[in-house]
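Based on the sequences and whatever the hints tell you, model everything.
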Amino acid sequence: MPLMPVVLWTDALVFLLIALAIGFALYARHHEHLRAPWRGVVRSRVGMASLVILSFYVLIGILDTVHFRLRLPAPQPGGQTQFAPEVLSLLDIVLRPLRDAQEKTYSAPFGTRLFVKEAVTQPDGSVVRDFPRLVHGGSHLEDPDHKGRDIQVTSLWGAAQGLIAWGLLGLGLIWLLARRRGKSLPEMISLVWQGRTEVPWRPAFITLLVMLVLAFAAANLALKYHILGTDKVGEDVFYQALKSIRTGLIIGTLTTLVMLPAAILLGIMAGYFRGWVDDVIQYLYTTLNSIPGVLLIAAAILMLQVYMSNNPDRFESLVERADLRLLFLCLILGVTSWTGLCRLLRGDALKLRESDYVQAAAALGVGHFAIIARHILPNVLHIVMITLVLDFSGLVLAEAVLSYVNIGVDPTMNSWGNMINSSRLEMAREPVVWWSLAAAFLFMFALVLTANLFADVVRDAFDPRLRGVR
Amino acid sequence: MTAYIIRRLLYAIPILIGVNLLTFALFFVLNSPEEMARMHLGEKRVTEEAIANWKQEYGYDKPLLFNASAAGLARFTDTIFFERSVRLFVFDFGSSDDGRDIGYDITQRMWPSLAIAVPVLLVGLAVNISLALFIVLFRATYLDLGSVVVLVAMMSISGLFYIIGGQFLLSKLFHLVPVSGYDTGLNAWKFLILPVIVGVIGGIGAGARWYRTLFLEEVSKDYVRTARAKGLGERRVLFRHVLGNALIPILTGVVVVLPLLFMGSLITESFFGIPGLGSYTIDAINNQDFAIVRAMVFLGAVLYILGLLLTDISYTLVDPRVRLQ
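Here the protein sequences come in this chain order: V and R.
Read in order, the letters of the first sequence correspond to residues 1134 to 1603 in the numbering used here.
Read in order, the letters of the second sequence correspond to residues 75 to 399 in the numbering used here.
By construction, these hints were calculated from the structure, which means they are not laboratory data.
Even for Gly, the Cβ is constructed at its ideal location relative to N, Cα and C.
Do not take every clue at face value.
Claimed, not checked - Which bits of chain R does chain V cover? Going by a derived footprint, with three or more residues having C-beta under 8 Å, they are:
no., segment
1, 228 to 236
2, 304 to 312
3, 359 to 366
Below, the structure is given as structure tokens:
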């Protein structure tokens, strides 16, 4: 085997999440009441456009979740195969040119020279203090002062590639659509073009075009330049920002996933059984709620740090350690955030248990757990779905704040919070080192904004009472 | 009413006991005092003697829950649990790792926290409510749609960027106010302006959008139709009737956070170097001073429960339909 797969804890949970999502999709296909709200989501223009952007993020996140260790070249033939200690992901392989383009220290976006002066030996042997040329960024240029033209040409070429890719992808998709509807390809194209399809394909295709053109232009430029500059140790900021996507997505999704079982079980039990069960569960969540969330997280992370610094031999590698800390952060964020969902579910279960069909089921002698599984759970699923989507953007934002206070993800892990944290002191520099902040801002803002817009669409589709109020 | 308040206060006791047990478990059971000592002393190979010394110095050398070597009541009082956790109930927070009295520090540091939190709350309320009313006045127009888009975009920006952007613009570019710091008494105003502005702007996205939803819910109710039917102008309907009725959820939403204002904001205070309770907590987290963190957890829980109680009371005051029993 040329490589050894590595499954970190969060990887395993992400795969579980994907499996759950696929399973739910297959299940929902045959249940009209579950399909209907999703149809509402898909029929909204904002919903489709944000789905396209989100799928770009998710794709990068999934690529970054498949981890493995490469095989080292065997020292002698017939010797033991050894694997590199470094854990890589598919995304690392894709971004290898960016990973290897290491500079000495800061350099500005599209820069060709280092940000700080150094002693440079001239061809004639004299030594001058000047900004040295970068090792990778713009190193193909004869004259770095004429980079403007090269940048234009490269980005236009990238945009053209993006356009072609869009054309092919779009044609393929429309062909699939046409086949399903039993229409001819030109007919379908004109329907989509005029925006006369039930599902708003036109905004989806426009978003796809913008994203593909941007992605291809950025990819082409990134091979020649550091399009978002380099950081203090000379690492490409664009690479860091892309790597941070996985961290953000994991915090946003796994946190809700790990809290779901407790929230659903306790919330429904409290509402359904009432009496002392209700009292105990209410006491539990009021107690947890009354501890300020940040402080509970801080206390828990502090304890984790104590544990980790006292048992350094329990972790095989830095990556594993950082990964466990990420998982623990998700767990503790889940502990602080399940109470809201639990209370909502309790309220709904209280109402549902008085409904006629539950009373009828109880009168017919159906057991408690059968009633909960068959009559109550399906009727509160929309609340779960709305919470899952609504919480996502808040959690992504929370990661940045927590990492700033040093109680977030591991400092060695790529995350937007760590990017902000490490570059915030550089704001005092003259001229300002702004690009790490800008990159983190850009990637976070795009993700959170689309997530917020998507959450609104989902909420409207799942909760008809709110429709029209928005 | 009085009976209700007393009962609610009694109900708070088991919750505070729960909070206390939880933090106790988190700080002393999951991590024994030995491990804490080892981490504080830093080095890998610490002698048993050094650990014993550290524990004695900070008073961690007692048994956790039950002291078998003592007699009578001291079996329970001469323990870490009693010394560290039970005493919190009488707001005796003990001393921090550098020997300062935590209770005194808290009373000193809560004023700068309030000096930021109260203006942010009041100005923010005024700005958000007026913005929301303005948007509702132009509801279902492009102005409404555009404002909602802007609000959602503002919501999507991390609070950190508001602070960094504010510091960069006002302090670095235009040199209007100092970047960070604090001064005593009234001289503090120039250090407070920027955090307050940043806090208000950072809260507009979520706040104004929330109030807009509240107002829109009210606008679709019957009494609004009645008011319009009897010939009242749109502005009068909005400002007199809708605003008045929407004040109930707004007020109760504000009351619940009132006590927590004392805790200050972690991020704002540490960015602007304001010596409030927020930066106190952050410093404690970074210095791994567990005594302070535990005190703040307890204080936060007390204030949260107080907020819930105040909310219930304020409901009865503003909404005569609600009766407490």
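> Which numbered hints turn out to be false for this structure?
Replying inline: Number 2 only.
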